[in-house]
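4 protein chains.
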Amino acid sequence: MAVVRDAVHGNIAISPLEEEIIDTPDFQRLRRIKQLALTYLVYPGAVHTRFEHSLGTMHLASSICDVLGIGGEEKEKIRLRALLHDLGHAAFSHESEYALHGILGTHERIGEEKILRGEAGDIIRERFRPEEIARGRGGLADKLISCDIGADRMDYLKRDAHYTGVAYGIIDIDRIIHTIGSGGGEIFLERGGLEAAESLLIGRFLMFSSVYMHKTVRIASAMLNRAIGNAVASGGLAPEEFLSAGDEEMLLRLAGIRESAPYADAIMKRRFYKQAFVLSDLHPMLEDKGRAEEELSRICGCDIIIGMPNVPAHPDGFLVRGRDGAESIFEASELVSSLLAAEERRRNAIVMCPEKNREEVSRRAEKYFSS
Amino acid sequence: MAVVRDAVHGNIAISPLEEEIIDTPDFQRLRRIKQLALTYLVYPGAVHTRFEHSLGTMHLASSICDVLGIGGEEKEKIRLRALLHDLGHAAFSHESEYALHGILGTHERIGEEKILRGEAGDIIRERFRPEEIARGRGGLADKLISCDIGADRMDYLKRDAHYTGVAYGIIDIDRIIHTIGSGGGEIFLERGGLEAAESLLIGRFLMFSSVYMHKTVRIASAMLNRAIGNAVASGGLAPEEFLSAGDEEMLLRLAGIRESAPYADAIMKRRFYKQAFVLSDLHPMLEDKGRAEEELSRICGCDIIIGMPNVPAHPDGFLVRGRDGAESIFEASELVSSLLAAEERRRNAIVMCPEKNREEVSRRAEKYFSS
Amino acid sequence: MAVVRDAVHGNIAISPLEEEIIDTPDFQRLRRIKQLALTYLVYPGAVHTRFEHSLGTMHLASSICDVLGIGGEEKEKIRLRALLHDLGHAAFSHESEYALHGILGTHERIGEEKILRGEAGDIIRERFRPEEIARGRGGLADKLISCDIGADRMDYLKRDAHYTGVAYGIIDIDRIIHTIGSGGGEIFLERGGLEAAESLLIGRFLMFSSVYMHKTVRIASAMLNRAIGNAVASGGLAPEEFLSAGDEEMLLRLAGIRESAPYADAIMKRRFYKQAFVLSDLHPMLEDKGRAEEELSRICGCDIIIGMPNVPAHPDGFLVRGRDGAESIFEASELVSSLLAAEERRRNAIVMCPEKNREEVSRRAEKYFSS
Amino acid sequence: MAVVRDAVHGNIAISPLEEEIIDTPDFQRLRRIKQLALTYLVYPGAVHTRFEHSLGTMHLASSICDVLGIGGEEKEKIRLRALLHDLGHAAFSHESEYALHGILGTHERIGEEKILRGEAGDIIRERFRPEEIARGRGGLADKLISCDIGADRMDYLKRDAHYTGVAYGIIDIDRIIHTIGSGGGEIFLERGGLEAAESLLIGRFLMFSSVYMHKTVRIASAMLNRAIGNAVASGGLAPEEFLSAGDEEMLLRLAGIRESAPYADAIMKRRFYKQAFVLSDLHPMLEDKGRAEEELSRICGCDIIIGMPNVPAHPDGFLVRGRDGAESIFEASELVSSLLAAEERRRNAIVMCPEKNREEVSRRAEKYFSS
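Just so you know, the protein sequences line up as chains S, P, G and L, in that order. Using our numbering, the final residue of the first sequence is 377, and nothing's skipped along the way. Using our numbering, the final residue of the second sequence is 377, and nothing's skipped along the way. Using our numbering, the final residue of the third sequence is 377, and nothing's skipped along the way. Using our numbering, the final residue of the fourth sequence is 377, and nothing's skipped along the way.
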């Protein structure tokens with residue numbers, strides 16, 4: 007086994023097969039996709055990439071296997087699945103999904119495709135059928151990686167905390183891992199890990215509030231989405247190009263296309279639009295967001311973007327098993343169940359515009375949305 | 007200014023007057039009172055003392071003063087108050103309070119006495135009237151030290167996390183301090199610090215669940231309380247002796263008195279009673295806990311102790327000030343307000359007895375309390 | 007003052023003038039220049055940039071000013087100088103210097119030019135003459151930033167440790183800063199800081215051994231230098247382009263030029279040359295390294311690159327002031343003076359070639375250099 | 007396996023047999039012996055005990071076994087040996103050795119006795135012959151625990167750093183452990199771990215300079231030694247009592263004996279003697295230190311103590327194995343070999359006396375020792 011030094015977990019062991027996969031261009035490309043897209047414009051340290059995160063997720067999934075008594079080929083396959091779980095991300099990962107999603111499909115589906123038909127698949131085939139790695143959403147292997155207390159989230163929370171300098175993501179990984187159990191195809195938590203899991207779930211929520219949904223990050227992302235949308239709509243860029251290039255390359259490309267250049271340029275120079283008005287993201291007029299943007303733009307005589315919250319911040323839920331049987335985490339913990347209401351309250355849509363139009367847009371948007 | 011190296015905050019600056027106070031026997035005694043009493047029997051690293059904590063609290067109170075624009079003599083006085091805020095603790099601090107409280111009064115009152123009439127007071131008098139330091143509960147100086155987001159709690163949470171190795175107490179002190187404000191004699195938090203404060207309050211709650219109210223710690227404490235009660239009742243120890251000695255000295259003393267020796271001995275050898283039954287701490291029969299212990303003891307034919315929860319784990323509350331005025335933290339945060347219900351659910355009373363009687367006591371206690 | 011959250015130092019305060027400079031394209035470009043160039047190919051977390059490092063250096067320089075009693079305009083100017091000290095770096099910073107140095111000059115000179123005539127200069131001029139910031143190598147302001155115990159090195163050591171996960175760079179910044187003194191235009195260290203400084207200097211040396219001069223990093227860098235040299239020699243790239251673009255953009259450019267493409271491509275796919283032979287970097291035949299490469303290449307019938315050590319790892323030296331006067335750190339510390347011999351022993355030149363030619367090159371190079 | 011949470015290593019697993027041994031009074035007594043004796047009087051956080059350190063040493067020894075491929079009974083025995091390696095320490099451990107050594111023998115011999123004939127031995131006997139654990143100095147099991155890069159030193163360095171807040175002891179345990187090898191009954195280091203080992207050895211040296219040999223700590227220790235010497239000489243205390251009590255109990259005892267009371271009292275009130283003169287610890291007149299103290303005392307008309315350096319700070323040495331065979335660490339590393347000279351330079355003897363006599367003693371001691 008080779009060893010790689012990781013800033014978060016220390017030494018990470020890698021098998022020869024894994025190393026071969028890591029050295030494919032497809033996987034090396036993850037070095038050029040930042041874990042947190044444009045967040046580095048607010049938290050300058052947040053320049054870490056999907057590459058490190060993928061190694062870290064494999065490392066944690068492997069530790070969970072050890073605790074669950076999963077070894078041999080099964081463990082090898084879970085390690086590969088974890089290693090490759092983000093292979094399908096487009097440049098800017100989640101932040102470009104809004105603009106590209108309808109065209110390209112989810113990153114899960116794209117990743118599946120890349121594993122089945124790409125370089126990674128050829129290497130996997132030396133030992134397994136690629137389908138065994140790429141498919142099986144919802145199975146135990148998948149849950150162990152992707153559930154609330156799975157390898158993916160534990161890795162990114164701790165990693166994002168390390169690179170942003172925001173402490174909420176510091177979690178007791180060791181404790182959680184040692185209280186994970188499995189049975190009947192499900193992942194559950196033993197009661198003894200309740201506090202550790204509460205800490206993880208609340209930490210994740212606070213990272214959403216402070217980092218992932220930071221107002222300026224959301225504005226930058228909304229401008230990026232507009233840039234991507236324009237570039238694709240005008241034929242300047244093919245959506246597929248986002249699947250083979252990295253963040254910076256695509257940002258430079260966007261800066262070279264007339265329809266997207268002003269936005270890309272503004273992002274690079276940190277000349278962000280300003281928040282002019284805030285409203286509930288469930289407001290009925292936001293069902294057709296594009297129309298609201300157009301109408302408001304006409305009314306105000308300036309460019310308008312409306313930023314929606316992206317991924318949900320609340321936990322999906324899992325079972326907690328105590329002496330008297332199992333119950334949902336939402337039942338077991340008032341703290342965790344309070345996250346549902348807390349998220350609802352903090353979600354919103356942001357109406358943004360160039361700085362000089364801010365006051366007028368503020369006034370007119372209020373009127374527009376109360377009509 | 008002299009400088010002391012602290013394991014939690016790094017360098018702590020100390021004025022000559024403060025140094026003089028620190029070097030009094032009254033203050034040096036705090037080196038012999040562990041911050042977490044018997045918790046080290048479960049978390050072996052938890053051997054830190056009220057001495058370090060007092061320096062740390064002064065250090066943080068000083069930083070809060072800087073942010074609030076409090077300088078000069080006012081700041082000097084707040085530093086002294088913070089330095090001396092735990093001077094009145096009896097040996098085993100909170101853990102002996104249950105047994106001694108009715109006799110000796112609160113540690114706040116004892117501390118006031120020590121400052122007014124003790125060695126510290128003589129030194130303070132070189133510069134201030136000791137009353138200015140000892141009195142004034144409820145004023146701004148006091149709140150800045152003792153409120154939910156004050157210097158005392160921030161220090162002990164971070165310190166307890168460092169020495170126990172339990173991560174929940176890791177908090178973003180810097181962020182909280184920089185969003186503390188004052189006005190009208192009150193401490194409040196600016197909206198921008200909400201996530202940091204949520205993290206602190208929930209971290210404190212999780213520390214309660216995992217550390218401060220750890221079952222074994224509660225059993226050890228209950229046995230200690232019984233030992234103290236017996237020793238004092240039998241005339242073997244004068245309650246005041248707890249005010250001049252440290253933890254270890256008193257434990258050795260308790261081991262030498264016939265009425266308390268079995269308990270003290272058991273604590274030293276980690277032969278703890280076992281939990282036989284758990285019930286709501288609000289059960290009406292617990293209003294006279296002593297009687298319940300006696301009756302159950304007679305029924306079961308063995309020694310019985312009932313351990314009650316000690317200090318409350320929920321926040322006291324404070325104001326959060328945003329653009330649209332101020333609101334209570336309980337209104338501002340679903341997370342924080344969920345702590346009230348969560349605490350209620352996790353509080354309980356523990357019926358404990360020697361290991362060999364466990365099963366029988368379990369059965370009989372259930373019957374006794376449902377009568 | 008605005009506040010930026012840094013992963014290494016926590017909150018960093020920034021004045022409005024500084025913020026204006028930071029938001030210029032010239033400065034934002036530093037976000038696209040990695041602090042450790044290609045090191046991330048070995049230590050995947052090492053993706054941090056000159057941008058964060060520049061903020062951190064300003065932050066530490068500011069703290070040193072506070073200790074030295076430097077305030078007002080003088081401090082403002084030192085902060086600006088620290089902020090801008092890396093503005094002149096070409097893409098890949100030190101790693102491209104070997105190829106570009108003779109053509110472009112040092113990054114210090116380029117930085118001076120950028121400050122005097124660029125966007126930063128225009129903003130500085132609101133308050134100071136840009137010459138006051140750009141010039142004055144060797145003065146106190148410069149030493150405070152650049153000497154062995156200055157802001158630049160302290161920042162990068164701690165930062166590189168944080169992002170690589172290699173612990174040797176963890177240093178007691180607080181202690182060093184509080185024992186820095188100044189007098190007669192010189193920076194010196196008080197005797198009380200000797201251990202902290204020894205730890206820093208040795209930590210830096212160990213970082214050289216483990217990270218900065220890691221064999222694979224050196225091979226990647228040598229291949230990069232060859233790529234740059236070829237691209238420039240063939241007219242495919244103008245050297246000045248390295249002054250306006252970032253690392254990734256230039257790597258993509260190099261991959262598009264026939265003469266440099268094989269090297270750039272190999273770097274991106276981690277198909278590195280292998281070390282075939284190691285010799286003293288002082289070997290007389292290395293005085294004309296280009297000729298040795300050519301001759302060996304002809305002899306072996308394959309491409310050959312010889313990698314030289316880049317920047318020196320030993321300290322430059324400074325004064326330590328004790329009760330009995332001042333002495334050089336090399337006199338004051340056997341540990342530090344041992345670094346000179348230790349470095350000499352560990353420096354070497356690496357003869358590298360494609361993997362398949364390794365054995366033959368190994369044999370032939372040994373013969374060639376002993377001729 | 008039970009699990010204990012350690013502040014330094016996280017979770018430490020403990021077998022039922024080990025738990026039984028840990029719960030004996032002999033082992034629990036280690037909770038009352040501070041790892042760094044009186045160092046907490048200078049570094050207030052340094053209140054950690056031999057108890058935690060013993061658990062930590064077992065934990066690391068176990069990890070080294072895993073790397074060396076030592077399992078089964080052999081590993082179990084090494085774990086026990088590591089767990090019990092400090093069982094023989096008298097109260098104040100190394101700091102009382104100077105006074106008690108000639109009478110009681112080394113802590114190794116006492117520990118052997120306790121294992122063979124004490125409570126631990128009875129429990130061990132369930133599974134092994136106690137001799138297998140207690141004896142065998144110089145064997146591989148012993149080296150793995152006690153050599154320069156062994157479990158004992160790695161644990162105490164990291165632990166002392168954690169509790170004092172002094173960073174020099176932060177080491178890359180993971181790296182060292184993974185480069186430890188064994189062969190021919192010897193422990194050696196692979197070349198790839200050289201930097202990690204250099205960092206450990208130099209870190210240890212810097213901890214000596216800053217913490218273990220801190221001037222005030224040495225003065226406090228010398229006063230303690232005098233107190234112990236007087237108490238034993240006067241018959242007030244039997245030396246054996248130091249083998250069954252803890253630090254604080256013995257300090258209180260010393261304060262109650264006329265001949266030792268002034269010293270014990272001064273320690274508790276931090277009224278330390280002052281350093282009046284410093285000389286080489288190799289000065290021939292120090293061969294009979296007691297006589298020098300007496301004579302100087304008579305000359306100066308006040309109490310005099312001369313403090314000698316205690317344990318050596320330099321490494322003992324071990325083999326480093328590279329491609330071209332093995333060599334001593336002193337040959338392999340200029341840094342490490344410089345430690346020998348560096349230590350020689352920093353070692354000294356301190357002449358100390360009451361504060362008010364300092365100037366006179368300073369003058370007269372200079373004359374006395376140059377006679």
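Just so you know, the hints here were simulated from the structure itself, not pulled from any lab data. It cannot be assumed that every hint is accurate.
Remember, identical chains collapse to one label, so a pair may be satisfied in a single copy or spanning two.
To be verified - Derived BS3-like pairs: lysine-lysine, alpha-carbon spacing no greater than 30 angstroms straight-line:
no.	residue 1	residue 2
1	Lys275	Lys83
2	Lys149	Lys280
3	Lys81	Lys221
4	Lys81	Lys275
5	Lys83	Lys221
6	Lys275	Lys373
Please work out whether the CA atoms of lysine 275 and lysine 373 approach to 30 angstroms or closer within one copy, between two copies, in both situations, or in neither? Close neither inside one copy (32 angstroms) nor across copies (55 angstroms); limit 30 angstroms.
Pop the pair lysine 81 and lysine 221 into one bin, within, between, both or neither, using alpha-carbon distances up to 30 angstroms. neither (41 angstroms within a copy, 33 angstroms between copies)
Within, between, both or neither: how does the pair lysine 83, lysine 221 come out at a Cα-Cα threshold of 30 angstroms? neither (40 angstroms within a copy, 32 angstroms between copies)
How would you label the pair lysine 149, lysine 280 (within, between, both, or neither) given a Cα cut-off of 30 angstroms? neither (40 angstroms within a copy, 38 angstroms between copies)
What label fits lysine 81 with lysine 275 when the C-alpha limit is 30 angstroms: within, between, both, or neither? The answer is between: 27 angstroms across copies meets 30 angstroms, while 46 angstroms in one copy does not.
Within a copy, between copies, both or neither: which one fits lysine 275 and lysine 83 at a CA-CA cutoff of 30 angstroms? between (44 angstroms within a copy, 24 angstroms between copies)
Comparing the model with each numbered hint stated earlier shows that hints 2, 3, 5 and 6 do not hold.
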